[in-house]
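*Asks:* Sequence:
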Amino acid sequence: MIVKQNAAMVCVKAVDTDQALHTAPNNDPPTNILLLLHGLGDKHVSFTKLGQQLNLPETACIAVQGPQGLMDLDGFHWGDDIIFDSNNGGLDADAGFRQSTAMLKALVEEDLVGKCGYRAREIMVFGLGQGGMAGLSLAVALHQAARSPSDGELGSVISIGGGLSGEAPAALVSKCKTPVLVCAGSSGSVLTPSSEEKLRHVFEAVETKRYRRPGDTMPRDRDEMLPVMQFFSRRLRSMKGVPAGSVEVGLS
1 MIVKQNAAMV
11 CVKAVDTDQA
21 LHTAPNNDPP
31 TNILLLLHGL
41 GDKHVSFTKL
51 GQQLNLPETA
61 CIAVQGPQGL
71 MDLDGFHWGD
81 DIIFDSNNGG
91 LDADAGFRQS
101 TAMLKALVEE
111 DLVGKCGYRA
121 REIMVFGLGQ
131 GGMAGLSLAV
141 ALHQAARSPS
151 DGELGSVISI
161 GGGLSGEAPA
171 ALVSKCKTPV
181 LVCAGSSGSV
191 LTPSSEEKLR
201 HVFEAVETKR
211 YRRPGDTMPR
221 DRDEMLPVMQ
231 FFSRRLRSMK
241 GVPAGSVEVG
251 LS
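Just so you know, the sequence shown maps onto residues 1 to 252 in this note's numbering.
It is worth saying that the hints were derived from the structure and are not from the lab. Any given hint could be a false lead.
Listed below are the simulated EDC-like cross-link pairs for lysine to aspartate or glutamate, each with C-alpha atoms no more than 20 Å apart in a straight line [to be verified]:
hint	residue 1	residue 2
1	105	74
2	198	223
3	49	74
4	198	74
5	105	167
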């Protein structure tokens, strides 16, 4: 059987050059895969560095680049279209996610699961802004296409300042089992009460953590990053056993 770490490298190279793999620390065979999805107008390079900084045990990080370029700007996005926000004149992050969802779904189902031998439960997603929205759209799409609930359950989705898109279902009778953590600012946030309510109508387990400051940027200090690392610790799978005191939620 191919070592999963080598298989993950093969998958990444086979899918697209606009992706980068950071292997697990100490060359441990990665039990987990973490997909890193950058924000609107960024590139995958910055999130490649994030994967190195996280240094998660038994986890290979794949930084994926958005499929669409931003006109003459040196950046990429996850939307189907480029839409300007009539309120502030900036780019609207909620620009449709059909193309990016199809791309990410193929990466998960055809490459990581089909070729590399991972289970969906061993694959996690971390996204910033529009990247977080793309990650949530992926989780919903996998859930809706799954033959059984366990087939469609990702390890988790962590979204920094991104909720469900407008095209996502308002609610699901059979809720998506992928656990979700959303981090957002105390004010000036896209995570409004209505968008938070929509998340809870679609996903079975949703946690929200608010910064003690406005804005939906990346965590800036230990206090803001702590909920993210605690969430990872509950969802990471290990071939070396679960550390004392850890509790896993929603295990399938």
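*Asks:* Run every hint past the structure and note whether it holds.
*Replies:* Hints versus structure:
Between residue 105 and residue 74 the CA atoms are separated by roughly 25 Å; this puts the pair beyond 20 Å, and the hint is violated. Restraint check for residue 198 and residue 223: not satisfied, since their Cα atoms lie roughly 27 Å apart, outside the 20 Å limit. Of the pairs offered as hints, the one joining residue 49 and residue 74 holds, with about 18 Å between alpha carbons and a cut-off of 20 Å not exceeded. At most 20 Å may separate the alpha-carbon atoms for a hinted pair to count; residue 198 and residue 74 exceed this at roughly 33 Å.
Taking the CA atoms of residue 105 and residue 167, the gap is about 17 Å. The hint holds against a cut of 20 Å.
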